[in-house]
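So the protein sequences, as listed, match chains S and E. According to our numbering, the first sequence is numbered sequentially starting from 1. According to our numbering, the second sequence is numbered sequentially starting from 459.
Honestly, the hints are just simulated from the structure, not real lab data. One should not assume that every hint holds.
As a list, the in silico BS3-like pairs of lysine-lysine whose alpha-carbon atoms are at most 30 Å apart [stated by the list, open to error]:
id	chain 1	residue 1	chain 2	residue 2
1	S	Lys333	E	Lys494
2	E	Lys488	S	Lys239
3	E	Lys494	S	Lys239
4	E	Lys488	S	Lys269
5	E	Lys494	S	Lys358
6	S	Lys92	E	Lys494
7	E	Lys488	S	Lys358
8	S	Lys302	S	Lys358
What the simulated footprint calls covered on chain E by chain S, stretch by stretch (three residues with Cβ under 8 Å from a Cβ of chain S suffice, anywhere in the stretch; the number is not a length) [unchecked claim]:
id	stretch
9	468–481
10	489–502
11	506–513
12	524–538
Remember, predicted model here, so these are calculated numbers, not experimental data. Positions of the beta carbon are idealized from the N, C-alpha and C atoms, including for glycine.
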Amino acid sequence: MDEFRILSPTAILGYGFPEESFQAGMKKNPHLIAVDAGSSDPGPYYLGKGVSFTARRAVKRDLTIMLKAAVPRGIPVVIGTAGGSGGDPHVKWSLEIICEIAAEQGLHFSLAVIGAEIDKETVFDFWRQGKIVSMAPGPELTADDIEKTTRIVGQMGTEPLIQALDCGAQVVLAGRCYDPAVFAAPAVRAGFDRGLAVHLGKILECAAIAAVPGSGSDCLFGYLHREDFEVETLHPARKCTVASVAAHTLYEKANPYLLPGPGGVLDLKNTRFEQAGENKVRVLGTRYSVTNPYRIKLEGAKKNGYRAVAVAGTRDPVMIGRIEEIIAGVKEKVAENFPQAPYYLHFHLYGKNGVMGKLEPVKDSTGHELGMIMEVVAAAEELAKTICGFTRSTMLHFGYEGRLSTAGNLAFPFSPAEFAAGEVYQFSIYHLVQVEDPQKFFNVRLLAITGEGRGTEI
Amino acid sequence: MKLPEIAEVIRSKNSGPFALTLDVIFREEKDFIRAKEGRLFNRDLIAGLYQISPDDVLDIIDFAPAKAFKINIRRPVPAGDLGDTDVYGAQQHAPLLGIELV
Chain S
1 MDEFRILSPT AILGYGFPEE SFQAGMKKNP HLIAVDAGSS DPGPYYLGKG VSFTARRAVK
61 RDLTIMLKAA VPRGIPVVIG TAGGSGGDPH VKWSLEIICE IAAEQGLHFS LAVIGAEIDK
121 ETVFDFWRQG KIVSMAPGPE LTADDIEKTT RIVGQMGTEP LIQALDCGAQ VVLAGRCYDP
181 AVFAAPAVRA GFDRGLAVHL GKILECAAIA AVPGSGSDCL FGYLHREDFE VETLHPARKC
241 TVASVAAHTL YEKANPYLLP GPGGVLDLKN TRFEQAGENK VRVLGTRYSV TNPYRIKLEG
301 AKKNGYRAVA VAGTRDPVMI GRIEEIIAGV KEKVAENFPQ APYYLHFHLY GKNGVMGKLE
361 PVKDSTGHEL GMIMEVVAAA EELAKTICGF TRSTMLHFGY EGRLSTAGNL AFPFSPAEFA
421 AGEVYQFSIY HLVQVEDPQK FFNVRLLAIT GEGRGTEI
Chain E
459 MKLPEIAEVI RSKNSGPFAL TLDVIFREEK DFIRAKEGRL FNRDLIAGLY QISPDDVLDI
519 IDFAPAKAFK INIRRPVPAG DLGDTDVYGA QQHAPLLGIE LV
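With the hints as constraints, model all of the structure from the sequences given.
See the structure below:
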């Protein structure tokens, strides 16, 4: 085999894609359909809470089209970072959707499920042995961080995915996964160069984001050869250009020349990008070097309490001019009223520094109105709502010097003015662990999906 | 010339929860080369624009295949921690808009 063809339907499973693009990709006879289903970008909540940041209906829509096209033709489907964060509840949620689709569409196939969640005791063992290192500029890991963490996942490389395919899986549903691995693993297994396969995976995992105009909701097609690879758009409205593909190499990465992943580093120092057709770009020269020891990224989130928020605005120039002292006064009143309870109270001021916080270079807001979110985090939801409500009423009637609008200081767009915003999580682990076996944390289970709405262990 | 007149992309995004990565992609090769040779993007400029310590400017890297510069800075608050204002880090690019290439 001299060409390995890969269809990447969308940047994140659930972000959608035009069916005509997908069908155009199917006409090119792909050897693989792969998709990245997750990201840590939406923040620590989804990992900690065990829920997806994508909607069930949207994920089901995308997967239905993929499975209906792939399964009858015997094309493998590989899904990485199931459910957005790739923990056990995320994998379970995705598995239920797949079983439901199989039942509705009458599809039968073998499915490998690869877990990526790691228990605390295991992480403690590695930590005690000094095998967990920080990722600059992140902090060192402490015992307290591990102790307080709700959920920990490891980011698998290609090895567990290859094992799953070796077991005969037609569909692979993996927990937390290095994004390019779902594209690279089947290609490496077919004997293609790892550097080219991983680099192609890096581009395909964001689908048409690497095209111009870019989109996270459209397909991208990859052709992997022995000495190069090509990426191509499938929608007539988009093109892959040298500029769009090369620029994508920068996206979300700390260094465009050296891209570290599980067990190795992608080296782009000698990479060349060439226009290979109107919609197609060829990439050559990327190398891969194995790192020793093999390192896997760990991600963990811990719970910090519950959040309540109130949304309001002011149109009063006197209030806008004195906002800092008014906030200080309100905070003082809140502190007097709730002396025992530890809580966090923050005013997000849109029109001043709501977007950039400490990094905002413009110090004086000159807008005619100011928007604010009053945020409270406390140990219990009721307490957070109580303090948020108290803050809102105190702010509404706070008497400040020069006040003209004595009926109320705030405009509330909603009734009720404050909302419970759920549990608050924080990334507590974002570190690298050294392992001897790349498959160490990732258990592969093979299920027969028989169209009865559930899987049976094989 | 100010950057928005000669750059195709000026953006920010998280690179992990502890760092922000700022990308400037030029339209013309000549502007990229001028910016590179004149060391337009340097630690002091970025530290000044974002009012951070020069030590918190982690890297400034040029990437010729994309006519681009990448600047990494330490996040003042890790993504999603209490006090964060931009979980994805996608709106921290504005201070770059006033940079002038002379």
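Handout entry: Given hint lysine 239 of chain S paired with lysine 494 of chain E - CA-CA distance at most 30 Å
Key = Holds, because 28 Å separates the two Cα atoms, which is no more than 30 Å.
Practice task
Check, residue by residue, whether the stretch 506–513 of chain E contains three or more positions whose beta-carbon lies closer than 8 Å to a beta-carbon of chain S, and give the verdict.
Solution key: Since 4 is at least three, the answer is holds.
Practice task
Confirm or reject the coverage of the stretch 489–502 of chain E by chain S under the rule of 3 or more residues with a beta carbon closer than 8 Å to the chain's beta carbons.
Solution key: violated (count 0)
Handout entry: Pair hint outcome, lysine 488 of chain E versus lysine 239 of chain S [Cα-Cα no greater than 30 Å]
Key = With Cα atoms ~24 Å apart, lysine 488 of chain E and lysine 239 of chain S stay inside 30 Å; holds.
Problem - Given hint lysine 358 of chain S paired with lysine 488 of chain E - CA-CA distance at most 30 Å - result: violated, 35 Å
Practice task
Quickly compare the C-alpha distance for lysine 488 of chain E and lysine 269 of chain S to 30 Å and report which way the hint goes.
Solution key: It holds: about 21 Å lies between the C-alpha atoms, which stays within 30 Å.
Handout entry: Given pair status - lysine 358 of chain S, lysine 494 of chain E, alpha carbons within 30 Å
Key = holds, 29 Å
Handout entry: Restraint status (C-alpha distance of lysine 302 of chain S to lysine 358 of chain S at most 30 Å)
Key = holds, 25 Å
Problem - Distance restraint between lysine 92 of chain S and lysine 494 of chain E, which requires alpha-carbon spacing of 30 Å or less - result: With Cα atoms ~50 Å apart, lysine 92 of chain S and lysine 494 of chain E exceed 30 Å; violated.
Practice task
Verify the coverage statement for the stretch 524–538 of chain E against chain S, using a C-beta to C-beta distance below 8 Å and requiring 3 or more qualifying residues.
Solution key: Held - the stretch 524–538 of chain E has 11 residues with a Cβ nearer than 8 Å to chain S, which meets the minimum of three.
Handout entry: Residues of the stretch 468–481 of chain E with Cβ under 8 Å from chain S, three needed, outcome
Key = With 9 residues closer than 8 Å to chain S, the stretch 468–481 of chain E meets the three-residue bar; holds.
Problem - Pair hint lysine 333 of chain S and lysine 494 of chain E, alpha-carbon separation not exceeding 30 Å - result: Violated, at about 53 Å.
Checked against the numbered hints listed earlier, the structure breaks hints 1, 6, 7 and 10; every other hint is satisfied.
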